[in-house]
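J.: As you go down the protein sequences, you meet chains A and B in turn.
If you're matching positions, the first sequence starts at 1 in our numbering and goes up one per residue.
If you're matching positions, the second sequence starts at 1001 in our numbering and goes up one per residue.
Derived from the structure by calculation, the hints contain no laboratory data.
There are no misleading hints in this set.
Listed next, the stretches of chain B that the computed footprint assigns to chain A, with coverage defined by at least 3 CB atoms under 8 Å from CB atoms of chain A: (1) 1038 to 1051; (2) 1090 to 1096; (3) 1099 to 1112.
Chain B residues, not near chain A, derived (Cβ > 12 Å throughout): (4) Thr1028; (5) Asn1063; (6) Ser1065; (7) Pro1069; (8) Asp1071; (9) Lys1079; (10) Leu1083; (11) Ser1086.
Note that the structure is a prediction, hence the values are computed from the model and not measured.
For every residue, glycine included, the Cβ atom is placed at its ideal position computed from N, Cα and C.
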Amino acid sequence: LAKTTQPISMDSYEGQEVNITCSHNNIATNDYITWYQQFPSQGPRFIIQGYKTKVTNEVASLFIPADRKSSTLSLPRVSLSDTAVYYCLVGSQGNLIFGKGTKLSVKP
Amino acid sequence: SQTIHQWPATLVQPVGSPLSLECTVEGTSNPNLYWYRQAAGRGLQLLFYSVGIGQISSEVPQNLSASRPQDRQFILSSKKLLLSDSGFYLCAWRENTRNTEAFFGQGTRLTVV
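Bound-form chain A, shown alone (with noise of 0.2 Å):
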């Protein structure tokens, strides 16, 4: 499983759009990349996943470089509901790692 690093935390305001960065520089080729948000006292929950380019859904978009050693997950407009931690994961099969994830705090 390729080894990720995010930033642990960031700041943002309402109604601001949020980019965060991931490095996987040892991606392989099978490897998709997959966020996930988790709330206190909850389990993770799929946001996206993409391969390559750019992928969009009704939550927020993923740009994939052509490298594909790095991604950014990006959520427009935020809200205090989206004060969460979100993880950046690559990888295909087997054990299933998340890193220390970002801590998103959204201010009013």
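Fit chain B to the supplied structure of chain A, relying on the hints for placement.
T.: Okay, now just chain B, sitting in the frame of chain A:
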């Protein structure tokens, strides 16, 4: 649809007592199953994962053990709890194919006193 059940939601146990947490998944077959622990304010620590009945991989050496007696049942156990075993325990599953998302249970808040 698939669902995951984890119980109990909260548990207070004395030091030295045994532990048994159970997790079951419905609506799928041969899932990958996972046990995690999260200490207060910390990240998710993978404890065990299983790709099939009787197949358990341990990620962290400790006084915990896991078993998978049935395809969709995953049990976390301890013979003697330590204070350091306190935390939030999460069970998760995902399909046994490449690049599938994981689904988590509601978690068990364990306090060892």
